[in-house]
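So the sequence lines, in the order shown, correspond to chains B and U.
Adding 13 to a residue's 1-based position in the first sequence gives its number in the numbering used here.
Adding 13 to a residue's 1-based position in the second sequence gives its number in the numbering used here.
There could be a bad hint or two in this list.
Put simply, identical chains are the same to the list, so a pair is met inside one copy or across any two.
Here are the simulated lysine to any residue pairs, SDA-like style, with alpha carbons at most 25 Å apart [to be verified]: (1) Lys246 to Ser22; (2) Lys208 to Glu30; (3) Lys33 to Leu67; (4) Lys275 to Thr27; (5) Lys358 to Thr202; (6) Lys33 to Ile277; (7) Lys18 to Asp282.
Think of the hints as simulated: they come from the structure by calculation, not from any bench.
2 protein chains.
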Amino acid sequence: MSYEKNIRSITPYTPGEQPKGGHIIKLNTNECPYPPSPKVEEALRSLEADSLRLYPDPEASELKEALSRTYGLPASRIFVGVGSDEVLALAFQTFFAGKDPILFPDITYSFYPVWAELYGVPYRRIPLVKEKEVPRATADSEQTGAALRDTDRHTEAFRIKAGDYRIPNGGIILPNPNAPTGVLEPLDTLEEILKANPESVVIIDEAYIDFAAESAEEVKNGVRASALPLIGKYENLLVVQTFSKSRAMAGMRIGMAFGQEKLIRYLSDVKYSFNSYTMSRAAIRLGAASLSDPVYFAETTMKLVETRERSKKRLQAMGWSFPDSRANFIFAKPPKKNAKEIFEKLKARGIYVRYFSAPETAEYLRITVGTDREMDELFKNLEEIEQNA
Amino acid sequence: MSYEKNIRSITPYTPGEQPKGGHIIKLNTNECPYPPSPKVEEALRSLEADSLRLYPDPEASELKEALSRTYGLPASRIFVGVGSDEVLALAFQTFFAGKDPILFPDITYSFYPVWAELYGVPYRRIPLVKEKEVPRATADSEQTGAALRDTDRHTEAFRIKAGDYRIPNGGIILPNPNAPTGVLEPLDTLEEILKANPESVVIIDEAYIDFAAESAEEVKNGVRASALPLIGKYENLLVVQTFSKSRAMAGMRIGMAFGQEKLIRYLSDVKYSFNSYTMSRAAIRLGAASLSDPVYFAETTMKLVETRERSKKRLQAMGWSFPDSRANFIFAKPPKKNAKEIFEKLKARGIYVRYFSAPETAEYLRITVGTDREMDELFKNLEEIEQNA
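Excised from the complex, chain B in its bound form (with noise of 0.2 Å):
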């Protein structure tokens, strides 16, 4: 029909299955294992059904502030959206407004493309570092065995290269730990992009950011990996983050962006031109709730951490390699390279992994990082997927 000329025709983002019902280990879409804070839990009985006749507050002030007292930075100096793809859809549309093409690496969150082709931003992908060429095996690790050398073999493999990021450009966009390589890029790397780039918009796409420490002992300790001291420094720096996967609340659909005030400000700008009330009562109550509770986002986010490197280390016994992963999820290699054939395996018996078929990643599994019980259950059925092969 004719009217379809006047229509915007687009190939979608896919997201991972949300299968229903039934028992399955889902490790497919890097959901948290642990529930939300019971905090979140008290705010959910005690909102009022009564009050949601009413629009909530289109500023969100409550969970700005709450998000003020965690990070140390002025309510000014923060958005909120509908998650953290809201959040970057509407940084896409604001801050990638310009003619050249924006920069973002070759392996990476794959909504970016996706974004770019629907507000008609010009792209360019950068290569990461490719395994190829990365050394075969370091003279430390040919003393510790084939399984792990496979992994060191991976140091080095999908990391970023600053230098690369010094061409012209209408904005940058790089997700830190890197998705769904998991790899984590450190400070001086994001810093000298910023500096090579005063005249683009810089995100830093920081979805798994709180999964970045090395070790239990390391988000006991407070260590952070991430972008947001920068702010105060770099005026053209926006950092996203979400409280889908440490703050386990997916299901809420909250994200953040921080950044100067003069780049909130034209954010909030397009927001406003696209709806004054994003988020709903339930999610500003339950969010500023999540943020009431520190010592139970530590203690997930250890439990996680722990969990990751335990996962690791099975899965290096099992000949798998991959890089290093700093976030809630491992993208990694069978020894087979029959990454396809083990997902469709794995999914036959209740267990939901992520494939991505694009020819660059399509000898990986992406695997969230659930509980030691699930990943003990996901070990096994690898196992026996091995054996029956």
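With chain B's structure known, arrange chain U on it following the hints.
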């Protein structure tokens, strides 16, 4: 700074005030004065905090299936979003991507030109019937006194002329009833526009349609003014509604669109290119719960319509004039044409109504219909303000 060359700078829509705390009467954002259905409270009480760790169903099937049962349309003809504002914004982006200007009335929801600017959609405002084009008084109303005459004078004012929408366009959007006028157009007018524009998507924004009955009796008898029955007949028709008004759930942000499968698919593709999970688990569950209570819904709507009709009589008696409202607000002009002054004086007394300063609306106040008690309080204060003037 030079990075600003890549930034989209835009003047956003200004939502009505959401005053915090204190004893106020809030008649400024067309919220429902009654709480949501007790079924919503039940659903809220039984929502499990633990479930929030998981992403919601990206299809929001539970909500769509409940809508399907309520409206008698298959789920494939239903789209849901974060309030009708998000639904409309995504519909602008999806369906108004052509080069010809889209058309909407010159007095209408003031978000339309904002979305058009945001998505770079050219637009043209089509004048409504002007007050001065309407005879001062009809023979009939001459006999019933000045107050009633003033109202009758408005019977034709602010109406849409279907013939005006026969010019080349890239799409059409009409609110019915219109906002902020409250004027309802009969389906004949809409159908005339649909027939004349097979090459355009026509969006009917029915945020207030549930109040379109002339009397509580009509609500009881199930008289419907919605364009929903036309969906089967016109594949270029999209009907948009919301839970924010008649379902008393503005605070949860739930809106929906109905249309033939093809339109819904295009709209969904854009939605999935923007944010996979727009609806939180809470919104999906509570929205579905609301739909499971048609009796409460009808009762609330009846009370509202009764209070609106009573309020019209009272305003007439006080010498105010207004187009006949079929919404949950009255767009009314004080006899002394001092709308702005009254707006401010009411606000000082803790009563919030809405004032739009554009020339064509500057003599009017948009007064949300509250409870009988709230309206009595309003009228008492209006009388006091008049006496003190």
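Hint check:
{"no.": "1", "hint": "Lys246 to Ser22", "in the structure": "between (41 Å within a copy, 23 Å between copies)"}
{"no.": "2", "hint": "Lys208 to Glu30", "in the structure": "neither (39 Å within a copy, 41 Å between copies)"}
{"no.": "3", "hint": "Lys33 to Leu67", "in the structure": "between (32 Å within a copy, 11 Å between copies)"}
{"no.": "4", "hint": "Lys275 to Thr27", "in the structure": "between (33 Å within a copy, 19 Å between copies)"}
{"no.": "5", "hint": "Lys358 to Thr202", "in the structure": "neither (39 Å within a copy, 58 Å between copies)"}
{"no.": "6", "hint": "Lys33 to Ile277", "in the structure": "between (38 Å within a copy, 23 Å between copies)"}
{"no.": "7", "hint": "Lys18 to Asp282", "in the structure": "between (30 Å within a copy, 16 Å between copies)"}
Going down the numbered hints, you'll see the structure goes against 2 and 5, while the others check out.
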